[in-house]
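There are 2 protein chains.
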Amino acid sequence: MYEGAVQDLIDELGRLPGVGPKSAQRIAFFLLDADKEDVQRLSDAMTAVKERVKHCRICGNVAEQEECAICRDSRRDQTVICVVEESKDVMAIERTKSYRGLYHVLGGSINPIAGIGPDQLRVRELMTRLSDESVEEIVLATDPNLEGEATATYLARMLSTLGIKVTRLASGLPVGGDLEYADEVTLGRAFEGRTIVS
Amino acid sequence: MYEGAVQDLIDELGRLPGVGPKSAQRIAFFLLDADKEDVQRLSDAMTAVKERVKHCRICGNVAEQEECAICRDSRRDQTVICVVEESKDVMAIERTKSYRGLYHVLGGSINPIAGIGPDQLRVRELMTRLSDESVEEIVLATDPNLEGEATATYLARMLSTLGIKVTRLASGLPVGGDLEYADEVTLGRAFEGRTIVS
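For the protein sequence lines, the chains are A and B, in the order given. Using UniProt numbering, you'd call the opening residue of the first sequence number 1 and step up by one each time. Using UniProt numbering, you'd call the opening residue of the second sequence number 1 and step up by one each time.
Bound conformation, chain A alone (with noise of 0.2 Å):
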């Protein structure tokens, strides 16, 4: 369609996800117009990530040392770990700043039609952690979908073993959202998991 390093910026675009040809097109002009250090510090921050990013020696989650600095930091609660599919579900739980604990990144979760299974997630490397006696509590925050849940169930039976407190992020009713809109299955849960007021 263009001419060369325009259709080539274009295509390379539209690979990156949610990013379709409109938007690529869109994209590849404000870089066009862009001043050329500002197009060169995306281009840079892209390859730095690449390089010095990787992923936690203990937990698995990003980091550009050996260790995150979730891990490295000694004031967090070393008795519980959150575990989570993720890096970016990290960031999501420290954003509500609700939990002081330590995390678990598995990498993704259970799936089978992927060909996902437990070995092909960081749980290895989670019962060795607990190995060391100290941890007093496991939270399973996987996704509440299917797959998520899935890895709840096998990770559960898997810990129910050791001894360890194993909890699992509460299911209900968004707040803020409006009751009729809820779906059935999140309302049953939200029923289920009721919690006595007075």
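Don't read these hints as lab results, they were simulated from the structure. There could be a bad hint or two in this list.
Identical copies look the same in the list; a pair holds intra-copy or inter-copy alike.
What the hints assert, rightly or not - Derived BS3-like pairs: lysine-lysine, alpha-carbon spacing no greater than 25 Å straight-line:
id, residue 1, residue 2
1, 165, 97
2, 50, 36
3, 50, 88
4, 36, 88
5, 54, 22
6, 36, 54
7, 88, 54
Small disclaimer: the values here were computed from a predicted structure and weren't measured.
Since chain A is already given, all that's left is putting chain B on it; use the hints.
Below, chain B without anything else, positioned relative to chain A:
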């Protein structure tokens, strides 16, 4: 939020048009998991576009040589020039395959609020091209919005002195649309521009 390089990349991606904080994070983690070569290719495509792409000396369209592929193509109808706002518009018209003439890219539209008048656009370059007598028709294909219409009106007035035929793209109902969902202005234009069918 994240450590160094990941957050830098999220910040840089967040500056792109149509990329919000969530998309920026999604793209950053996609790049983190992508093959190093793929990321390098994207990064190179960005810098290449800044180094190699310039504007066609004649029409202002994007080009890697002094003149763009359309201006270089002697098989195109040299007697018609279609005036558009952006290079993207050239591609949109090319995709229709219903036009075989030349183009002139203004580089924007008249917008007094943003301080863009005729002097900030490639209007003088258009007049220079018209001093050559071979052009018989100018098609005004600026956007059908306030700024585009103002630009078309300005150009129409200016060109009327040259004795060249000036046309404007038809306004009307979009093909495949529903009459009842058309806005009043569009429907009004469709009435004004109705054509005799028999």
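Hints, verified against the model:
{"no.": "1", "hint": "165 x 97", "result": "within (22 Å within a copy, 67 Å between copies)"}
{"no.": "2", "hint": "50 x 36", "result": "both (22 Å within a copy, 7 Å between copies)"}
{"no.": "3", "hint": "50 x 88", "result": "within (17 Å within a copy, 32 Å between copies)"}
{"no.": "4", "hint": "36 x 88", "result": "between (31 Å within a copy, 20 Å between copies)"}
{"no.": "5", "hint": "54 x 22", "result": "between (33 Å within a copy, 21 Å between copies)"}
{"no.": "6", "hint": "36 x 54", "result": "between (29 Å within a copy, 13 Å between copies)"}
{"no.": "7", "hint": "88 x 54", "result": "within (14 Å within a copy, 39 Å between copies)"}
The structure fails none of the hints (numbered hints given earlier).
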